[in-house]
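What follows is the residue order along each chain.
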Amino acid sequence: MSETLLQTLLNTPYVSKFGVSFDYRGDELTGLLPYKENLVGNPLIPALHGGAVGAFLEITASASLIVSQPLDRLPKVIDVAIDYLRPARAVDVYARAQVARSGRRVANVRVEAWQGRRGAPVATLHGHFMITPASKGTR
Amino acid sequence: MSEDKIREVLESVAPLLVDGSPHAVALGLKIDQLEPDGIIMRAPYSPELVGDPETGILHGGVVTALLDHACGLAAFAGLGAQDTPATLDLRIDYMRPAEPGLDVVAEASAIRAHGLVVFVRATAHDGDRDDPVAIAQAAFMVTKASQAATERAKKAFGQGETK
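As they're listed, the protein sequences go chains A and B. Quick note: the first sequence uses the numbering used here, first residue 1, plus one each step. Quick note: the second sequence uses the numbering used here, first residue 140, plus one each step.
Hints are computed from structural coordinates only; laboratory data are not their basis. There may be inaccurate statements among the hints.
[To be verified] Straight line, CA to CA, 25 angstroms or less: simulated DSS-like cross-link-like pairs of lysine-lysine:
1) B:K283 / B:K293
2) B:K144 / B:K169
3) B:K144 / B:K294
4) A:K36 / B:K169
5) A:K17 / B:K169
[Claimed, not checked] A partial selection of chain A residues facing chain B, derived with a Cβ cut-off under 8 angstroms:
6) E58
7) D83
8) G116
[Stated by the list, open to error] Chain B residues, not near chain A, derived (Cβ > 10 angstroms throughout):
9) R146
10) P154
11) K169
12) D176
13) A225
14) G254
15) R260
Each residue gets a CB set at the ideal place from its N, CA and C atoms; glycine is no exception.
Bound-form chain B, shown alone (with noise of 0.2 angstroms):
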């Protein structure tokens, strides 16, 4: 599938790639840019999402999902948006904590994606891309069970025709 048409499927389903997740809602997380090849995803800041009242620092659990959900995405980007595949693993390294008061924007994008598996890198941070609140790495793959999720999801959406 091109480029193009890849697009056209992700700014299709956008909609529903955050406000269908209620997670994802509960923590605010915003898509700046869906593109094939890179995904930037945004948690505001909110003081209800701290993990140190003394610093009012957000949770890691934030960065935490974001960069899952971010990571998915690429992920499901990086398959030609039409699998949404299974985490099998999140690499996480905290590099230091996010400015208190200020979003945090992760970046991620497939490395490769090859039959069912694909590869995703990610980097978070608080508006200086070279000054990284947390990278991660993570590998993602079609199972039968998200195979199966998949297919409930275009049938409850109408997203069958877009192959």
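Looking at chain A on its own, in the form it has when it is part of the complex (with noise of 0.2 angstroms):
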């Protein structure tokens, strides 16, 4: 992986605006969105913002992406499907994503997140992201 890499993800202003971080063993990855006001969508329920919710399970992939292998650039979204299980509560969220096939220009990944219980989602992401692995020489 490219410690750098993560940095330049968790660096980028729109991801420290909302206070993403990762905690990782090796390449197993856990993000966090913190909870905080400006995440809500609709603050009635209250629930957090769908966008919100797909933008960290996207930040995930991503992240999980770098920690999965040496890249010489940040991922490029091609395309996501996000599914809502769950009304997302005014609470901290969490997710992890597993690489389902990484190739040398695209990768194939699906990500979970939840809040309380892990085995109650609130969405999933599947989605595939343009990536350029490092070439052996910079590794």
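Could you fit the two chains together into a complex? Lean on the hints.
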């Protein structure tokens, strides 16, 4: 993996604005989206914004690709399909990704987000990302 | 309900549709058009929302949230502005990065609303709608939780009499 690239991802204005952080052991990574009032989509439920949860799933997918192999650049999203399974309550959200396949140009990733209980996911994402694996010389 | 009546309800709740959503406010989302058959929303360019500092390109998450919000409003309009449905799924194809410095505009409309389910299609672009940044398709459904939320909203903002 590339520490620098993961740091670049964390330092991007959008990612740091919403306070996303990662906890990782080797190539296994968990994303954390800490609850903040500015993530709420509907204050009357109250539920987090579907877009905020979707974006967090995308960020966790990128981070998982970075820790799973040496890359030269941040992954670029090609497409995503997000399923909303339960209203995301006004508490922290966690997410874990599984890289289903990672080729020389494209990676296929599945991500699951949950809150209180891992077994009760609030949303899942399935997406494709363009990647640039580090050339041998730069590893 | 007639189109005019739906338009009237949409106009009366318009201020809540963005300002009532803290995340939409945090992203600076704005409504350009609110019609029964289509919604136009804008995410103004902001250095705070950049996803790649080298290029200054907006983070994909901004486009995701903009499309999610615009599709949700289109679904609400598609249901005659009576129920706020929950998102079942949202599929997005990111065709190209948005030009740094330009606002991203999403145009969403309900293709079909039947019973409790609404299908929505949306395009996001940065000026030319024939050169999209992203296209999205989403399905929404009125659920028990979303109905309860709508009732609370109507009570809180006195929209009960619009029915």
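Status of the hints after comparison with the structure:
no.: 1; hint: B:K283 / B:K293; in the structure: holds, 15 angstroms
no.: 2; hint: B:K144 / B:K169; in the structure: holds, 23 angstroms
no.: 3; hint: B:K144 / B:K294; in the structure: holds, 20 angstroms
no.: 4; hint: A:K36 / B:K169; in the structure: holds, 21 angstroms
no.: 5; hint: A:K17 / B:K169; in the structure: holds, 20 angstroms
no.: 6; hint: E58; in the structure: holds, 6 angstroms
no.: 7; hint: D83; in the structure: holds, 5 angstroms
no.: 8; hint: G116; in the structure: violated, 16 angstroms
no.: 9; hint: R146; in the structure: holds, 23 angstroms
no.: 10; hint: P154; in the structure: holds, 14 angstroms
no.: 11; hint: K169; in the structure: holds, 15 angstroms
no.: 12; hint: D176; in the structure: holds, 22 angstroms
no.: 13; hint: A225; in the structure: violated, 7 angstroms
no.: 14; hint: G254; in the structure: holds, 19 angstroms
no.: 15; hint: R260; in the structure: holds, 15 angstroms
Checked against the numbered hints given earlier, this structure breaks hints 8, 13; the rest are met.
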